[in-house]
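Visitor: Residue numbers (the working numbering), protein chains in the order written: chain A, 3 to 189; chain B, -13 to 267; chain C, 12 to 434; chain D, 28 to 841.
Keep in mind the hints are simulated off the structure, nothing from the lab.
Fair warning: there could be bad hints in the mix.
Claimed, not checked - Label-pair ranges, simulated between beta-carbon atoms:
#	chain 1	residue 1	chain 2	residue 2	range
1	A	144	D	335	17 to 23 Å
2	B	90	D	837	52 to 58 Å
3	C	38	A	100	55 to 61 Å
4	B	166	D	206	25 to 31 Å
5	D	627	B	149	42 to 48 Å
6	C	324	A	39	37 to 43 Å
7	D	837	A	100	36 to 42 Å
8	B	89	D	750	47 to 53 Å
9	D	304	A	148	32 to 38 Å
10	D	333	A	144	54 to 60 Å
11	C	338	B	46	34 to 40 Å
12	B	255	C	89	55 to 61 Å
13	A	148	D	333	32 to 38 Å
Owing to the predicted nature of the structure, the values given are computational and were not obtained by experimental measurement.
Note that beta-carbon positions come from the ideal geometry of N, C-alpha and C, so glycine has one too.
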Amino acid sequence: MNLTRRGFLGATGAGVLGIAVGVLGLTKAAGASRRKTFKTAETKESSTICPYCGVGCGLIVSTRDGKLVNIEGDPDHPINEGALCSKGMSLFQVAQNERRLQTVRYRAPGSDKWEEKSWDWALTEIAKRIKKTRDATFKAKDGVRLVNRTEGLACLGGAALDNEEAYLYSKLARSLGVTWLEHQARI
Amino acid sequence: MNAMLIDSTRCVGCRACQIACKSWNELPSEKTQFFAGKGYQNPKDLSATTWTLITYNETKRRGRFDWVFGKRQCMHCLLPACATACPVTALKKTPEGPVVYDSSICLGCRYCQLACPFDVPRFEWDKVFTKITKCTMCADRVAEGMEPACCKACPTDAIVFGERSKLLAEAHARIDANPLNYVHHVFGEKEMGGTCVLHLSDVPHQELGHAGGLSEEPASAYSRPAMASIPFVLTGLGIGLGAVSWVVNRRQQLAAQQKEIERLHEIAEQAEGKEPGGTNS
Amino acid sequence: MTDFFKRTSSGLLVLYALAAFGLLLIVYRFVMGLGAVTNLSDSYPWGLWIGVDVLAGIALASGGFVVAGTVHLFGANKYHSLTRTAITTAFLGYLIFIFGLIVDLGRPWNLWRALFNWNHTSPMFEVAWCVMLYTSVLLMEFLPPVFERFKLTALHEKWKTMVPWAIVFILGIFTFAMTDSLIWTVVVVFVLLFWELVFRAGLSPRSIQMPLLMIIAGVMFSTMHQSSLGTLFTLAPHKLHPLWYSPMLPVLFLLSAVMVAPAMVIFESIVAERSLGHRAHMNVLSSLGRAMPWLLGIYLVVKVGDLLARGAVSDALSISWQSFSWWGEVLLGVVLPFTLFLSQDLVQKRVGLLTAAALVVLGLVWNRVNVAVVGMIDLEGDVYFPYWAEIFITLGLISLGILGYRLASLHLPLHEEETAATH
Amino acid sequence: MTSHWIDMIHADVAMVMGSNVVENHPVAAKWLARAKERGSLILNVDPRYTRTSSFADHYCQFRSGTDVAFVNGMINYALEHDYIQREYVVNYTNASFIINPDIGFHDGLFSGYDEAKRKYDAATWQYEMGADGMPLRDLTLQHPRCVYQLMKRHFSRYDVDTVCSITGAPREDYLKICRNYTSTWAPDRVGTWLYAMGTTQHTNGTQNIRTYAILQLLLGNVGLAGGGVNALRGESNVQGSTDFGLLFHILPGYNPSPLAAEQGLAAYNAANTPTSKDPKSANWWGNRPKYVVSMLKAWYGDHATAANDFGYDFLPKRDGDYSHISLFEAMYEGRIQGLILLGQNPAVGGPNSLKERAALEKLEWMVAVDLWQTETSTFWRRPGTDPASVQTEVFLLPACSSVEKEGSVINSGRWAQWRYKALEPVGESASDLWILDSLFKKLRAEYAQGGALPEAITKLNWDYGTPEQPDRHQEPDVHRVAREINGYFTRDTTIDDKGTPKSFKKGDQVPGFPMLQADGSTASGNWLYCNSYTGPEPKDNKLARRDGKDAANEIGLYPNWAWSWPMNRRILYNRASVDPAGRPWNPKKWVIRWNETEKKWEGDVPDGPWPPGEKHPFIMRADGHAALWAATLKDGPLPEFYEPLESPQHNLMSSVQVNPAIKLWHKSNPELNPVGEEATYPIIGTTYRVSEHWQAGAMTRNLPWLAELVPDAFVEMSQALANQRGIVNGDRVQVVTARGAMDVYALVTNRFQPFRVDGRLVHEVGVVWHFGWEGIVKGDSANVLTSHVGDANTMIPEYKAFLCDVRKITGGVA
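Chain A on its own, in the form it takes in the complex (with noise of 0.2 Å):
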């Protein structure tokens, strides 16, 4: 089939992203007939993988004076070829989404509520529950062998964080003498 659409977008391995500007990766060809009035001209586009399922598939996002303006497939991405799936497509509706948590919520015991509360008072307060879990769990020794772990502590999660925040998730853990360390590929 000669009818793909990277065949029609002529568009092969376009330039940088993160500050092109142009019309979803058509960095060139249409670029001069470019009507201010079109959704995308004249945005920043910055590429992105999609943050669903484990293909990772490419895509760019349109923005304009800093707001958002459009999501779509990366034309250029060899395995998407700018296609996407219905949640992939969707990722519009996370990026502006008015249920987005945008505050620090604390729900006190027993209360029926969330409270909003300053970063600085929940990461204080919160490196404080660590330090009381840890030091009251803390097992430096089973019997006579070194294990240094803290037992009463568990952390969970990571399949949806950026590598470099889940090898810190897990240098962070460890140093904490968390053995209760599991994300969704157990599950």
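Guided by the hints, dock chains B, C and D onto chain A, whose structure is given.
Guide: Here is chains B, C and D on its own, set in the frame of chain A:
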């Protein structure tokens, strides 16, 4: 002229196209419950906020169970019924292929909805400043040299965009290459005079939710006899009615003249002292 | 029913209430959108309003052109006493219909666009122009009693001289809009001008009382308009049930509109005489009644012949809601009145005439509702039934029409004895 | 995946079993579709007819949980018909290896089973060793105790009739699958095997995968273009979070986490570093000490010295099992006080979620970091719960989305790809990187004042360019983290690289893991990623590469697009794609080939630089050969069929009903762990996802567009079962198991058909599990039905097969 070839044998029913359409055209979601159609279909039908829709159809093909997916959207007819119907040319066929709509001249008469054999145009029932809506073949993108959003999103190349003649040739080539795998009918090649959206399928197209029993004539052929007769009727009526009224009036005039003559005669006769005739009353 | 108005003023109160409520709902419709007051949907974009207010309403207003044509063109002077009421009814009917159309249109503020954005292929374009222009003609036809009532003799004279030229202009524009052809436009204008000159040259003063060109234009526009409403549905073979869908729809619509005209005049006259105290001339109505079997018969023959020719008889014989509704329309609205009107006894009596005429009117409305609504219903999908507000808006519009007619009757010299008196 | 997504295009036959690839990885269907266009066959085996089945050329239904029987039958078919790639099998697998004379198998059990402990002693499963310390082999495959002969005996029991009787697969459909798939035994015909959670989420999960691996090896399909055993990852970075050791049993780079028994680094290395006497064995894991020390250097920097075992003692040492199910059992017992969750939602996704939700109440505190309010973070107000009775403190921290931060994710095909920040985080939300960095800063401040083993924290090498006092507007430098992951030299070093000395300065990035050292001269957060960021500048970040040019073999490797571990290798085990002389088995779609004139490999990055024949191709195995016979597993060296824990059918293969090595939680922890019987729960239940939702649903049930497509939870069932229960499509029904019940819509479909098992009709239903009480569209999770029982090796829960009943809800209005 641009067109889309939609091959249902390649469609996997993932509905990326449905979302791509909503995303590019900034269409809101609809409130749904369970599934509104067969299988996983949602929403129930095309609507003001759903311009393309995947249908899920359980069927049998060559004796075996099969589950096939269809895509409904505007067919972008070569001679569209909606454009034929629209009293004010708010709906127009563009030379590039898309049938486009201009709300600034639309009356909201919804005749396009009635006329469309594919049940495509939708109306915003819940708005005061309401519009007709439908798939635009992403005319804005097409004008920029891009493919329609649904077409780009499709992961399995079930939707291909390009020159209609080439796509038609491609469609027939696919059938010829795989005669057992297709019904030998390119839906849209001839329907309603031909459309810019062409469908291929391995089950009869109607099972996918496409309209059946369509003529190969464009919609305008249905109304043409009546519309074409207008000048003849006008001229005929003008001549006929004028003639009739002239004749009738002439006759009445003559009758009245006759009466007048008779009356004058009577007066004259009376003046001559004669009795009037007994036959008049 | 017949002495509904006479017996009590509460009848009038009900009309006022219905009209007021209808208007209120119309306001609501313009605040909340069509979805709030109708059960219309993308599957049923046209409903009760199109069926009753538009299709039936226009057909029932056919009295105007039929009577005016019969009297003024065909010289059937015995019906002269009916022309003004018929024209007034038609004019009011069209006004109400236009009002109803504005309620039904999604973007009525764009109506003027129809003047400038021409689509010659569109039956709706034809309908729109017919509505505009025929209403103008009806306005012209309606004016004489107004002139008389207010003793505007000078204006009346001016009107008489201006009307023919206005008519030539209007029909010329119309022809051009419909055909996009200068040649046809010239042909039609030439024909009209020819007759105008001929008429001017040699017609009796009595006939010139109504400019003949105006009457001719009325008949031409009505013919176009009544038939074009049928043409509208020729574009929907895939939606309209085969019992009704026919390439002949324009003809059937025209024939049925002509057929219902005398029935409507009979019906109106007898109903109105009881409430407004004008005594209709029974012999005039009876002679109208005697014409009815011809009109009904022709319509029936064409309708059934068309059904046979299209091979849709099996649809009529199958058991379904649609076939039931078709038989209702045909038997109650055409066949039964046909036999009733054949009876000499019945035609002499008011009750008999009223009954038979009412059946014809009912049959016509039924037919139009069948075409616009029943024939469109897909029993496998959602089934449309009008929302209560839809019904009340229709009732409100009808009430407005009746009240308008009452107002005109009371204040304008519409009836023969009054016209005679003014002379 | 041993290969990658695009590679599917090269498969002559693609088998999808245990995966619903078209629904859950729709873009993968792009490459399967193109394969199909080239004439390839797609086979699909699934209990229900899915969108994948619709896409496939041949579909065969089979009962949930009978995967081992199904594929064992295929293996038997291949062996019986000699549809095996003999040269590959003899040279590259352990088929010729001779096993211990005491090996035995009787009535479903291998030798060495201890019924009381429910454990095997694997001593009798080992190779018989020669005097030279090398395993004995019979290259003719005739020795009665060679793996090949043992396999022939073992698998011969899985004849077609038996298999169809167990699995309920229609015989004709089954044979069609066998015939078509085993056709790939020819050297130039390749089959790929795609699987996912439908395979792993069973008590036999590991053995399910083993069956695929064995068949793929027999057919010579591993390492070739269009081949492999491909686990399709369901999350964007579940590969990465596994690579980085967010599991109790592994450190970053798949080094085992230390056991309490492994006191000191030397003991750890001794226990975990394999050795081989075979000179042709590359024995890559022999390098493990280098990787572990480099990681410790990255973690403890200058505090990691040879004298203190590079900080090895700071690492926690474990005993036994700390997996998800164990974790929640411990939590339920009150043994865990604090829980930190980064984007996980076990209240929906955890097995036996009613118990897991109850366990959350035992926590003193919980920190949940997420984009949304999830069911786990609001477990205290779940339906039917009085918040006043829940004493857990909950901190819910707003995380920003993937387009509001910068970093990398690695896909299922091991392509690590960089993402850019396109938008500022919404509201006060922050990247997880900032949250982790800030939290660590706070902790370090806390521990500066003492506490339990404060050095493990205070001495941690942690500086990513942010101030000591967290500042919301100062992001950690993600490039600095990425460079630490790759690794750098901790001092000026000269390394002997095959005879040529190479010199590096302190602070230079390490060019690749062959350069990593065990002496502390290199630091590398994760050896697998060594080679991903090889210079000081962002331009040296290979994860961000966007060159769409293909490699010389033009099989879609795109070697300069992003980066792939290990060392940018795109197809694992690619040395098995060539014959022992270095000639590709399939010259049309060659992966690597030996250039005799230039004395080097062409194509993909080979599994090691050695010339052909110099090393065995399966370099990660000490013996250098792919394991048809696997002596390291807990439930047997060859896959044997056992029924799921809950099954309506007695095991037709032996008297051992369930996997003999699984932990029986209903026995050890009976509370809230009931097991259902067929008498009460006669229907097989399974759980799955739909294309339109993702995992526990927070990322999709909060999006209006996706909520529109699938707004409610539902159970799919056959027309036959629906008729039997008086259910019609769209009815509200209750699905109930011994553990819980949920109200859902009934979707009655011909896509489910009852199975004929052992001569009788057995029904199965399937429930989607995405739903919960938060989000735009709500419902309950199918995991209220599932149980706490896991695979013998991995403890992955058996979500995919349980017993249930379906009842129409009458009376109340749905």
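Visitor: Hint by hint, note whether the structure agrees.
Guide: Tested hints:
1. A:144 x D:335: 17 to 23 Å: About 20 Å separates the Cβ atoms of residue 144 (chain A) and residue 335 (chain D), which means 17 to 23 Å holds.
2. B:90 x D:837: 52 to 58 Å: This hint holds: roughly 55 Å between Cβ atoms.
3. C:38 x A:100: 55 to 61 Å: violated (34 Å)
4. B:166 x D:206: 25 to 31 Å: violated (19 Å)
5. D:627 x B:149: 42 to 48 Å: Since residue 627 (chain D) and residue 149 (chain B) have Cβ atoms about 47 Å apart, the given range 42 to 48 Å holds.
6. C:324 x A:39: 37 to 43 Å: violated (57 Å)
7. D:837 x A:100: 36 to 42 Å: holds (39 Å)
8. B:89 x D:750: 47 to 53 Å: Holds: the Cβ-Cβ distance is about 50 Å, inside 47 to 53 Å.
9. D:304 x A:148: 32 to 38 Å: holds (33 Å)
10. D:333 x A:144: 54 to 60 Å: Given range 54 to 60 Å: violated, Cβ gap about 26 Å.
11. C:338 x B:46: 34 to 40 Å: holds (39 Å)
12. B:255 x C:89: 55 to 61 Å: violated (30 Å)
13. A:148 x D:333: 32 to 38 Å: Since residue 148 (chain A) and residue 333 (chain D) have Cβ atoms about 18 Å apart, the given range 32 to 38 Å is violated.
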